[in-house]
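Student: Each chain is listed here by its residues.
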Amino acid sequence: MAILIRGGDLVDPVKGLIEKQDLIVEGGRVSRILPAGAFSELNPGISIIDASGMLIIPGMIDMHVHLREPGYEYKETIESGSLAGVAGGFTGLACMPNTDPANDNVSVTEFILRQSAKAGKLKVYPIAAITKGRKGETLTEFGDLKKAGAVGLSDDGSPVVNSELMRRAIEYARYHGLAVISHCEDINLSGEGVMHEGMISTQIGLKGIPSASEEVMVQREISLARLTGCPVHIAHVSTAGSVNAIRRAKEDGVPVTAETAPHYFSLDHGSVVGYDTNAKINPPLRTQEDILAIKKGLAEDVIDVIATDHAPHNLLEKNLEFDKAAFGIIGLETALPLTLALVREGVLTIQAIVRKLTCSPASILRVDRGVIREGSVADLAIIDPECEYILKEEDILSKSRNTPFIGKKLKGRNMLTIFEGQIVWSRDSKHIGCR
Amino acid sequence: MEGFNHKDLLGMGQLSVRDIELILDTAESMKEVSQRDIKKVPTLRGKSIVNFFYEPSTRTRASFELAAKRLSADTISLSSSGSSMTKGETLMDTAKNLQAMNPDLIVLRHSSSGAPHMLAPEIKAGIINAGDGTNEHPTQALLDLFTIREKKGRLQGLKVAIIGDIKHSRVARSNIIGLKKMGADVTISGPPTMIPVNAESLGVDVINNPAEAIKDKDVIMVLRIQLERQSKLLFPTAREYSTYFGINRETLKNAKEDAIVMHPGPINRGVELASDVADGPFSVILEQVTNGVAVRMALLYLLVGGHKSGNID
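Chains A and B, in that order, are what the protein sequence lines are. Numbering-wise (our numbering), the first sequence opens with residue 1 and increments by one. Numbering-wise (our numbering), the second sequence opens with residue 1 and increments by one.
Next up, chain A with everything else stripped away, as it sits in the complex (with noise of 0.2 Å):
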């Protein structure tokens, strides 16, 4: 079953290019690309997306998310991650090890890829736990959670507070082709705090999580890479100050690689005034200031990626007293239309956002997906740019509604995602024309 997907501006990230092209879906790839128009004589039996005015981009890859399966079903399933994960234009995600149980050993490793395959609408990657049941004592048996499936390791949602036992884990890891993924917290700076430390947390009397909390974090794993030479990545930048200090390591030739998420360049800490506990989130809103600074890192590919660190959790969870609720907001289906929100503001070009998107990603976690050429693997999302709408609560494909952006404006969407070569999602509107 062939498709034809012609009238769209094809962007090819690695190129850097953007250009009218048509291409054809078959047995799972891609099969031709060729300039607009090209395919005049069609086979009988192959069916067409007309994509005019819209841009077709490989499928996007989150390399942190939270699946929140097994053990916390009601936050989340694998099932309907994917289905938020397709809707919102991907076909790759990176699901963080922090379930009940930890994702710290070959049958839970397992029992994702079984769920995500069940699903069958994208490609899970697990991550495993660095720690066996992330309390950062025992490094977990990296080889196998490879052999099993695994493409990286975090503690994610702790830090690994021993600083030998991180190195260790990046030496090891490199061994074995795993990416090492650090969530940079001083857990003690952190102590109680519940928002950013600043004015704002002044003002409304909510305790705080100071920048400093993830920056000496971050200038540690920048040490530890220097000395050992192996890769590290630093998970959800949120500060200027971690941005100034991968940015010199950069420079220095340190093997440091950095995402951020949407919400850290498109929200302030101001956002938690009201104590709205969608608002809360680890690390948490920042300033104005750090807004500035993520964007001149990305702009500057001081930050390789933009992942949401989608964090899915129930109303029990957030209809709490601020400081009782969990940190956390689900992203998946609001990234596009948030990082598009750059292009508009002149930062990034829609060829950088979608790299970062899609085959920094990819390059990151060593899977060979995130690109579009001839024989590539059919993960493609065929996305609106200037297609805006309110982001209605009840629209929300994630099973959980934690999210600032509820009632907000929103410009740029997805509108069909396909997965080797299947159409997994389409938003079925009058925008684009399939049959």
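Simulated from the structure, these hints should not be mistaken for laboratory data. It is possible that some hints are incorrect.
With a straight-line Cα cutoff of 27 Å, these simulated DSSO-like cross-link-like pairs (lysine-lysine) come out [stated by the list, open to error]:
1) B:Lys-7 to A:Lys-318
2) A:Lys-324 to B:Lys-7
3) A:Lys-318 to B:Lys-124
4) B:Lys-253 to B:Lys-232
5) B:Lys-124 to A:Lys-324
6) A:Lys-295 to A:Lys-409
7) B:Lys-96 to A:Lys-324
8) B:Lys-232 to A:Lys-135
9) A:Lys-324 to B:Lys-232
Okay, the calculated beta carbon distance ranges per label pair [to be verified]:
10) B:Ile-76 to A:Arg-168: 55 to 61 Å
11) A:Asn-188 to B:Gln-226: 16 to 22 Å
12) B:Asn-209 to A:Thr-349: 51 to 57 Å
13) B:Glu-212 to A:Ile-187: 32 to 38 Å
14) A:Val-273 to B:Arg-249: 56 to 62 Å
15) A:Leu-165 to B:Asn-5: 58 to 64 Å
16) B:Ser-275 to A:Lys-408: 56 to 62 Å
17) A:Leu-292 to B:Pro-192: 25 to 31 Å
18) A:Lys-408 to B:Ser-111: 28 to 34 Å
19) B:Lys-40 to A:Glu-289: 56 to 62 Å
20) B:Asp-185 to A:Gln-288: 26 to 32 Å
The beta-carbon is built from N, C-alpha and C at its ideal position, and this holds for glycine as well.
We have chain A already, so just place chain B on it with the hints.
Tutor: Quick look at chain B alone, frame taken from chain A:
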């Protein structure tokens, strides 16, 4: 009488200067009631008030109860140990269940900043914030403003020093907002570990050394130091705190001659405040407690709508 158009009292920020003046003026008449032989008026007869204290409190709770009883309201008191909270019910559920019994007002003391703000839009009854976490304690600030005005005859132009753990003090935050609103100058003081970041955004001066901070001040407000949790102590020992940051007769010499000394209680005698100052001629600490009842009577009266039925005699 001009109206008091609030359903809730969540914080000092929501009150206008006129609102504050109205509360303080009303409290003067209430204080008079409290000094009578028969300390009871029928103003709030038939109204029900729930005192809902998720955190231990002696002074504030007794003060609200007496205030309600002196106005003839029916009151019940709930504390966290005796409430469904210990059975795992959420605050929102407990509050909605209370609402189902149709009270006129809920007085809420809670350890989480923003707890009353969360309930207010969901609950028909009015809510008085009787202290939320490290955020605000507006009725304490109002009784402090009342006491200062009573002693000094004004608030405008007064110089006030607040000394202690400003960072974690809801009393300080409410007083700063209230005092600034009424035209007073505020200086905060204490060890750097107790001064919040961006303190200047509160519109105050910061002078760490209390002896310097109280120089030429009309009002010295000393805060309670939390000694309960040694691991979270923001200073090495109580002894060292009292040496460098405690207020005693010696440090007090820097203040204006007629300065008053205030403390929201309970006092750690010999730590943040020397006994001879707490019990000395400058101290208005017990008057604060007396005025607390009057100010809370005024608030109950204004919020529950008793004023619509006329006068308080």
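Student: The structure should be examined with respect to each hint, and the outcome stated for every one.
Tutor: We went through each hint and held it up to the structure:
The straight-line distance between the Cα atoms of Lys-7 of chain B and Lys-318 of chain A is roughly 25 Å, inside the 27 Å bound, and the hint therefore holds. Simply put, Lys-324 of chain A and Lys-7 of chain B have alpha-carbon atoms about 26 Å apart, close enough for the 27 Å limit, and the pair holds. Of the supplied pair hints, the one linking Lys-318 of chain A and Lys-124 of chain B holds, its CA atoms being roughly 22 Å apart against a limit of 27 Å. Restraint check: the Cα-Cα separation between Lys-253 of chain B and Lys-232 of chain B comes to about 32 Å, which exceeds 27 Å; the hinted pair is violated.
Distance restraint check for Lys-124 of chain B and Lys-324 of chain A: the Cα-Cα separation of roughly 24 Å lies within the 27 Å cut-off, and the hinted pair is therefore satisfied. Restraint check for Lys-295 of chain A and Lys-409 of chain A: satisfied, since their Cα atoms lie roughly 21 Å apart, inside the 27 Å limit. At most 27 Å may separate the alpha-carbon atoms for a hinted pair to count; Lys-96 of chain B and Lys-324 of chain A meet this at roughly 19 Å. Simply put, Lys-232 of chain B and Lys-135 of chain A have alpha-carbon atoms about 24 Å apart, close enough for the 27 Å limit, and the pair holds.
A hinted pair counts as satisfied when its Cα atoms are at most 27 Å apart, and Lys-324 of chain A with Lys-232 of chain B qualifies at roughly 19 Å. For Ile-76 of chain B and Arg-168 of chain A, the Cβ-Cβ distance of about 60 Å falls inside the hinted range of 55 to 61 Å, so the restraint holds. Checked against the hint of 16 to 22 Å, the pair Asn-188 of chain A and Gln-226 of chain B passes, with Cβ atoms roughly 19 Å apart. Look at Asn-209 of chain B against Thr-349 of chain A: about 55 Å separates their beta carbons, and that is inside 51 to 57 Å.
Between Glu-212 of chain B and Ile-187 of chain A the beta carbon distance is about 36 Å. The supplied range of 32 to 38 Å therefore holds. Separation of Val-273 of chain A from Arg-249 of chain B is about 43 Å and departs from the stated range, judged on CB atoms against 56 to 62 Å. A hinted range of 58 to 64 Å holds for the C-beta pair Leu-165 of chain A and Asn-5 of chain B, which are about 60 Å apart. Take Ser-275 of chain B and Lys-408 of chain A: their Cβ atoms lie about 57 Å apart, and the range 56 to 62 Å holds.
At about 28 Å, the CB distance of Leu-292 of chain A to Pro-192 of chain B agrees with the hint of 25 to 31 Å. Distance hint for Lys-408 of chain A and Ser-111 of chain B: a CB-CB separation of about 32 Å, consistent with the stated range 28 to 34 Å. Between Lys-40 of chain B and Glu-289 of chain A the Cβ separation comes to about 57 Å, which falls inside the hinted range of 56 to 62 Å. Asp-185 of chain B and Gln-288 of chain A have their C-beta atoms about 30 Å apart, which keeps the hinted 26 to 32 Å range intact.
Hint violations for this structure: numbers 4, 14, all remaining hints satisfied.
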